[in-house]
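Undergrad: Chains as they are written, first to last, in my numbering: chain A, 157 to 527; chain B, 208 to 376.
Hints may contain errors.
Part of the chain B face toward chain A, derived, beta carbon under 8 Å [claimed, not checked]: (1) VAL220; (2) TYR224; (3) TYR228; (4) ARG233; (5) GLU247; (6) GLN250; (7) PHE253; (8) HIS257; (9) LEU319; (10) THR327; (11) LEU333; (12) ALA334; (13) TYR337; (14) VAL365; (15) ARG369.
A few chain A residues that don't get close to chain B, going by computed Cβ distances all over 10 Å [unchecked claim]: (16) GLY289; (17) ASP376; (18) ASP428; (19) GLN467; (20) VAL472; (21) GLU481; (22) ASP498.
Chain A is nowhere near these chain B residues, computed Cβ spacing over 12 Å in every case [as the list claims (entries may be wrong)]: (23) ASP265; (24) PRO266; (25) ASP267; (26) LYS268; (27) LEU270; (28) ALA344; (29) ASP345; (30) ALA347; (31) ARG354; (32) GLY355.
Keep in mind the hints are simulated off the structure, nothing from the lab.
Ideal Cβ placement from N, Cα and C applies to all residues, glycine included.
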Amino acid sequence: MNEFPAGSSGHDRDEERIRRLLDEAVSDVEPRDALGSIHARTKVSHMNGMRSWLLGAGAAVVATAATVAAVTVLSDGTTGEGPDEVGPAVAGSPNPSEGTKPSPAEKPSPAESASPNEPPAEETQTVPVYYVGDTSHGPRLYREFHRTPAGEPLRASLERAIAGRGNGPDDPDYRSPWPSGTGLGQASFDGDVVTLSLEPPDGGGESTNLRDRPPGLSEDEAAIAIEQLIYTAQAALQEGRPAVQFLINGQHTDTLLGQPASEPLAQGDAIDVLAQVWIIEPAEGTEVTSPFTVSGLAAAFEANVQWELMQGDTVVKRGFTTAEECCTMAPYSFEVAAAPGDYTLVVHDSDASDGEGFAPWEDTKQVTVLP
Amino acid sequence: MSTAPRWDADTAVDELYAAHYRRLVRLSVLLVRDPETAEEVVQDSFVAMHGRWRTLRDPDKALAYLRQTVVNRSRSVLRHRGVQSRHTPPVLPDHQGADEDALASERRREILDALRDLPTRQREVLALRYYLDLSEADIADALGISRGAVKSHASRGVAALRILLQEAS
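Generate the whole structure from the sequences, applying the supplied hints.
TA: Here it is as structure tokens:
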């Protein structure tokens with residue numbers, strides 16, 4: 157084929173050819189009908205939105221558009237601040253511009269009666285999962301997005317959260333703090349409280365009965381392990397910040413990993429629980445072409461975000477940018493151009509205390525720049 | 208937008224699906240190559256659009272949002288997948304068929320291969336410019352880059368594609 161003969165002249169002619177070529181390249185693509193499965197997925201959200209409204213407003217019949225508008229305001233009003241602005245995005249993408257904003261409760265539509273349409277088996281979904289990473293301030297939470305077979309996002313997220321290597325975090329710097337083999341029983345939300353029942357690993361003696369803190373797990377880690385499941389459950393549900401009632405094997409327990417757990421637990425403050433700098437894109441181990449965009453969230457002093465591209469201990473490139481807001485988890489992004497090769501990308505906040513006191517917050521990712 | 212139709216989120220999904228689903232899937236195939244992945248990307252984008260309808264409210268905005276989401280998600284799928292499927296083997300026609308069919312699909316494969324070899328931004332700009340026929344301004348919006356960058360990605364992309372397809376022939 158000689159579509160572009162050497163020495164062909166005229167940009168216009170090239171453009172015309174490209175137009176034809178691109179059309180031709182996909183002319184045989186005939187997607188299967190997907191409207192049904194899209195409906196099935198948007199309907200699930202309807203039910204959630206409806207439920208929170210029923211609870212919030214005392215319930216009546218949703219009759220008019222005006223009522224529907226009021227509903228939306230109500231469900232927004234309950235959202236508040238906190239991890240929601242850190243952006244759980246169920247059925248969303250790892251794309252930070254999507255992920256950093258909470259997607260509001262769906263508008264209930266009176267026309268849709270909730271029919272229990274199950275999405276087809278090959279469907280997948282993207283769910284938020286929090287993992288523990290070590291920081292200069294102790295163990296803290298980072299968030300990843302995982303693609304799982306379609307299903308209950310709450311269960312899918314939590315199963316990933318307690319899973320170890322293999323099904324666990326993509327970033328080797330992160331981990332699940334739960335004893336290997338911990339299982340998930342009931343995982344449900346009644347509109348008010350999330351109930352999670354954990355199952356100790358098989359043959360769990362004292363060390364892994366989940367009630368007591370296993371040897372080798374510090375108190376900080378035990379506390380963050382519980383926060384990890386609370387944050388993950390809330391992010392998966394996108395129903396504000398419901399408290400979580402933990403059970404062991406379906407039974408109430410006075411402690412979980414040695415932490416008090418008889419009552420439903422509210423989430424801890426983001427500033428005490430979350431790592432304050434996250435890289436969202438590129439994900440760990442990604443291959444990119446130069447230039448590539450790095451984006452994430454940071455709660456940085458004066459909103460200053462600094463970065464280095466390292467090879468071993470050598471800084472190949474460095475730069476800084478500004479997050480959209482100071483001192484709360486806010487989006488940042490910047491572009492990096494680099495020669496082909498393997499790199500470690502480091503993003504951190506500026507050291508506000510200038511050497512005396514706290515080490516900076518940081519997140520790192522392995523990135524390969526392709527030729 | 209003056210008198211946009213008063214759609215709710217469900218109507219928006221239905222209408223935009225009817226009018227644009229196939230084209231968006233094809234757009235995504237130009238970006239990610241694999242049709243199944245493309246379908247998944249576009250379905251996810253419709254679900255996301257539905258969730259965002261409250262802030263979109265307008266069919267044009269919703270379509271722009273869909274396009275942008277399809278491009279972003281396609282890019283993110285590629286990043287996660289890396290490049291192992293850089294040169295996927297040709298899908299042979301399943302019927303012992305006309306040579307013409309085989310030729311045509313061989314050609315399509317070549318074009319998609321050539322696209323795949325372009326830098327991400329060039330591929331995206333080419334697809335939006337020459338497949339969707341978007342204006343430079345709309346492309347700049349969709350990709351979050353300047354119009355100057357759109358221009359230069361487009362002209363470099365055209366040149367690179369010419370060379371790649373020459374080599375392939």
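Undergrad: Any CB of chain A closer than 8 Å to the CB of PHE253 of chain B?
TA: holds (5 Å)
Undergrad: Does VAL365 of chain B meet its interface restraint, that is, does its C-beta lie within less than 8 Å of any C-beta in chain A?
TA: At 5 Å from the nearest chain A Cβ, VAL365 of chain B passes the 8 Å test, so the hint holds.
Undergrad: How about ARG233 of chain B: closest beta carbon in chain A under 8 Å, or not?
TA: holds (4 Å)
Undergrad: Run the C-beta distances from GLY355 of chain B to all of chain A and say if the shortest one exceeds 12 Å.
TA: holds (15 Å)
Undergrad: Once the closest CB in chain B is found, is it more than 10 Å from ASP498 of chain A?
TA: holds (13 Å)
Undergrad: Could you check that no beta carbon of chain A comes within 12 Å of the beta carbon of ALA347 of chain B?
TA: Nearest chain A Cβ is 15 Å from ALA347 of chain B, so the label holds.
Undergrad: Was ASP428 of chain A rightly flagged as not at the interface, with every chain B Cβ beyond 10 Å?
TA: The claim stands: ASP428 of chain A keeps its Cβ more than 10 Å from every Cβ of chain B (closest is about 30 Å).
Undergrad: Would ASP267 of chain B pass as off the interface with chain A, using Cβ distances and a cut of 12 Å?
TA: holds (19 Å)
Undergrad: Is the shortest C-beta separation between TYR224 of chain B and chain A less than 8 Å?
TA: Holds, because the Cβ-Cβ distance from TYR224 of chain B to chain A comes to roughly 5 Å (cut-off 8 Å).
Undergrad: Hey, does the THR327 of chain B contact hint survive, CB to chain A under 8 Å?
TA: Hint holds; THR327 of chain B Cβ to chain A Cβ min 6 Å, cut 8 Å.
Undergrad: Using the nearest Cβ pair, does TYR337 of chain B come within less than 8 Å of chain A?
TA: holds (5 Å)
Undergrad: Identify whether the interface hint at TYR228 of chain B stands, where standing means a beta carbon of chain A within less than 8 Å of its own.
TA: holds (7 Å)
When the structure is compared with the earlier hints, no violation turns up for any of them.
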